[in-house]
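Once you have looked at the hints, place chain B on chain A.
Listed below, chain by chain, are the residues.
Number of protein chains: 2
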Amino acid sequence: MNNVAEMGARRAQVAAALQQVLPARAVLSAPEDTRPYECDGLAAYRQLPMIVVLPDSEAQVLAVLKVCRELGVPVVPRGAGTGLSGGAMPIAAGVVLSTARLNRIVRMDAYARTAVVQPGVRNLAISEAAAAHGLYYAPDPSSQIACTIGGNVAENSGGVHCLKYGLTVHNVLRVRVATIDGELVELGGEALDAPGLDLLSVFIGSEGMLGIVTEVTVKLVPKPAVARVIMASFDEVLKSCHAVAALIAAGIIPAGLEMMDQTSSRMVEPFVKAGYDTEAAAILLCEADGTEEEVEEDIARMTAVLNTAGAIAIAVSRSEAERLKFWSGRKNAFPAAGRISPDYYCMDGTIPRKRLGQVLAGIAAMEARYGLRCANVFHAGDGNLHPLILFNANIPDEFHRAEAFGAEILALCVEVGGTITGEHGVGIEKIDSMCVQFAPAELEAFFSVKRGFDPHGLLNPDKAIPTLHRCAEFGKLRVSGGALPFPHLERF
Amino acid sequence: MNNVAEMGARRAQVAAALQQVLPARAVLSAPEDTRPYECDGLAAYRQLPMIVVLPDSEAQVLAVLKVCRELGVPVVPRGAGTGLSGGAMPIAAGVVLSTARLNRIVRMDAYARTAVVQPGVRNLAISEAAAAHGLYYAPDPSSQIACTIGGNVAENSGGVHCLKYGLTVHNVLRVRVATIDGELVELGGEALDAPGLDLLSVFIGSEGMLGIVTEVTVKLVPKPAVARVIMASFDEVLKSCHAVAALIAAGIIPAGLEMMDQTSSRMVEPFVKAGYDTEAAAILLCEADGTEEEVEEDIARMTAVLNTAGAIAIAVSRSEAERLKFWSGRKNAFPAAGRISPDYYCMDGTIPRKRLGQVLAGIAAMEARYGLRCANVFHAGDGNLHPLILFNANIPDEFHRAEAFGAEILALCVEVGGTITGEHGVGIEKIDSMCVQFAPAELEAFFSVKRGFDPHGLLNPDKAIPTLHRCAEFGKLRVSGGALPFPHLERF
Chain A
1 MNNVAEMGAR RAQVAAALQQ VLPARAVLSA PEDTRPYECD GLAAYRQLPM
51 IVVLPDSEAQ VLAVLKVCRE LGVPVVPRGA GTGLSGGAMP IAAGVVLSTA
101 RLNRIVRMDA YARTAVVQPG VRNLAISEAA AAHGLYYAPD PSSQIACTIG
151 GNVAENSGGV HCLKYGLTVH NVLRVRVATI DGELVELGGE ALDAPGLDLL
201 SVFIGSEGML GIVTEVTVKL VPKPAVARVI MASFDEVLKS CHAVAALIAA
251 GIIPAGLEMM DQTSSRMVEP FVKAGYDTEA AAILLCEADG TEEEVEEDIA
301 RMTAVLNTAG AIAIAVSRSE AERLKFWSGR KNAFPAAGRI SPDYYCMDGT
351 IPRKRLGQVL AGIAAMEARY GLRCANVFHA GDGNLHPLIL FNANIPDEFH
401 RAEAFGAEIL ALCVEVGGTI TGEHGVGIEK IDSMCVQFAP AELEAFFSVK
451 RGFDPHGLLN PDKAIPTLHR CAEFGKLRVS GGALPFPHLE RF
Chain B
1 MNNVAEMGAR RAQVAAALQQ VLPARAVLSA PEDTRPYECD GLAAYRQLPM
51 IVVLPDSEAQ VLAVLKVCRE LGVPVVPRGA GTGLSGGAMP IAAGVVLSTA
101 RLNRIVRMDA YARTAVVQPG VRNLAISEAA AAHGLYYAPD PSSQIACTIG
151 GNVAENSGGV HCLKYGLTVH NVLRVRVATI DGELVELGGE ALDAPGLDLL
201 SVFIGSEGML GIVTEVTVKL VPKPAVARVI MASFDEVLKS CHAVAALIAA
251 GIIPAGLEMM DQTSSRMVEP FVKAGYDTEA AAILLCEADG TEEEVEEDIA
301 RMTAVLNTAG AIAIAVSRSE AERLKFWSGR KNAFPAAGRI SPDYYCMDGT
351 IPRKRLGQVL AGIAAMEARY GLRCANVFHA GDGNLHPLIL FNANIPDEFH
401 RAEAFGAEIL ALCVEVGGTI TGEHGVGIEK IDSMCVQFAP AELEAFFSVK
451 RGFDPHGLLN PDKAIPTLHR CAEFGKLRVS GGALPFPHLE RF
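Residue numbers (my numbering), protein chains in the order written: chain A, 1 to 492; chain B, 1 to 492.
Don't read these hints as lab results, they were simulated from the structure.
Identical chains blur together in the list; that is why a pair holds if it fits in one copy or across any two.
Think about it this way: if two alpha-carbon atoms lie no more than 30 Å apart in a straight line, the pair counts; the simulated BS3-like pairs of lysine-lysine are:
1) K331 - K239
2) K223 - K331
3) K164 - K219
4) K223 - K239
5) K219 - K239
6) K273 - K164
7) K164 - K223
8) K223 - K273
9) K219 - K325
10) K239 - K273
11) K325 - K223
Pulled out of the complex, with its shape left as it was, chain A reads as follows (with noise of 0.2 Å):
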């Protein structure tokens, strides 16, 4: 539809359609409206939408989905737009549908640690009204004062915590979804197991491929009576890293453990000054969370197993206000590189704990090659990295050769058994990585599970999951080093 009268004409035909069902103030199709939902936190592409729409109950967004159905429209979901892979994207002929008005807190249930929430409400705000009966949403993406529980069920999001406490995944108990079909699918449930096809574990991050959730089950916990953080500091990466191995050997799960690289910390030092020891070759923050001895008996061990793996320098926090002192470095490490490089690329590749050493120094190797600095700030315990490629875009070249670093760097996650991603989702960022992570059957299973939940390919499409022809002009058809034979190669 490159004709831009008949553009007009679709997008006053399929506003009508949705006016029709709506409250009219629920449907935006002047480009002055839909302009801030151009794009989500991948802000470095851009597209008007067609329409946004905003329903604010289960009806409505079924009576979109309808319309959507019946004019063949595709229809991308969106929570706060704080998403990183671009998964809310707009389509141009698409329509966007905000979950934002869906924002009420149904039900909280203190004795069964449960909250009943619509997916709009932001995660913060879960813990918020869990408060006052000593409980909270354990899930913390740096993003939490802002970001929405159906966008974390999208994204199956993690943070700095999800190391003792899980991701979304663990974390949700039941979804209740508006299918494309017209439908509402409950997946899961309030008991321990469900019968069945676990599609509950499908549906957590599927970036809006699937249905439009409607209503989401957490599990909530007890706030712990007390927690410390401990920091550790390393003249060698290396020792850092078999420091983290250590503490897990040791049967200790911390409640987060997180390193920054001295490039991280002397970013972040002089902008927040949360009294890191920048002379180190990386520091771990690691913290211990639960009664006043079980955090006395917890911190003791941790500090005699990083004394042990060769920690120069310990220092624990003595206060509340410490602890939050030493967290707000890491908290703030992404804008602390927007002050110091005009631009920066974060990467979120996934690997084994074990191999840490072997691909920090696999990316110190690419520092030089591709000539630019990248600073590593991750949660180490989950082995889920978080480089910041530091680049100048309006140097000629420099864009190019950031992305092809974060390219090489997803690809050596893969090579020792990692993964492309560990919370930020593909969405279009990284959705030609996805043709290195994965042989062609494993993609064609993907969509055969999408055909089912959506088989004229109305949900989110172009995203998350690539098309084999997508991966071959890409030139990436993963034939895996002769390991999975595909006969049926030319089928596809």
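Then chain B, alone, in the frame of chain A:
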């Protein structure tokens, strides 16, 4: 295919095709050879298969699937045949694919704490092999000496320690699967999270309907230095239920938390002499594991909570021998039921923990109504009930009353927000109860995934997911008390 001659010709045709691709001893077709495969642990239902195959390599598995695909023969996968829901029940015109010869431990990585094993490796054999490294595989179904990891994956098996350590789905990192299309697909990976749809979780618990597992990577965990178990007695069942809730509410996750009512303890004690308090209305077994200091502290905290909850007596195991003695009664509850009753019917419903008291009271009322006794011995911490309905199949009508009693228990589980199975699976046993659990749109969602993996319905057909036609005949097409609208019901 009712005609005996036709049946014989078909058997000869399929056997000949299979013998082309397998060693002669790996294809069984004579009734005297296939007899051992006519049932699994749900021995009330029996059916001789047409043919049994025992491949001993991934290539042979693929070859078997190719023959079956080309000839349109249904395939029923089978591990050790210990399943309790008839998931491995043969089909008269089908092939049973036994994984018994795929029994090699491929690789053990003590540093990464993983083991790569073939599907026919026994659950306990993994822990035995890992013991040299101080590690073990946590999920421990009662049948662990015999059952295989492939069967555990198919059923998403649990065990007494899954409250703390999780079900199979929480302890498997990756599966390699041969699909009916003749492809090999790897689901999951060694890193914490993976992009794409979470098909690993869908596959685990899919009861052999999506593909044949050819390799499994499991997590291993360190063997705790010490474990001790508390036996707490209560004079009312309801108080023991409240004690379970109080333990969890106190932030304690016991390594095991099991309940036995008086019927169970009196059934077991004369047989096992575990030292149970047979005067108590209910006993709880509550285990702590970890370092000596951790266990001491946990036992003290648990004891305090149990006392506050009204325990009338508390005993703590004083040695490893005594700990095993306390557990031996629990682990032998099913055989003990066989000693005091000619027959028993073991149910497997899971409910939100807070509903334990209500559901146990409901079961007590049903005992009076059906005129049958029911022993309750179960994973209280998980809310996973295993009511054992005692009956005598030789007394006219008792079998039917037991069946109706069981179905009513499961309906009650669903009513309070629970599910019809915790760990035994659906198989053929619970297939009608699936109509009570799920609405048409949900069953259709399951089938859409099933069709994606197995378009011609050759893999373990007619198990686990009922057709809507079957539910309609059973008279239980759930329309969900008006909670879920199904405007398109007529199209099914």
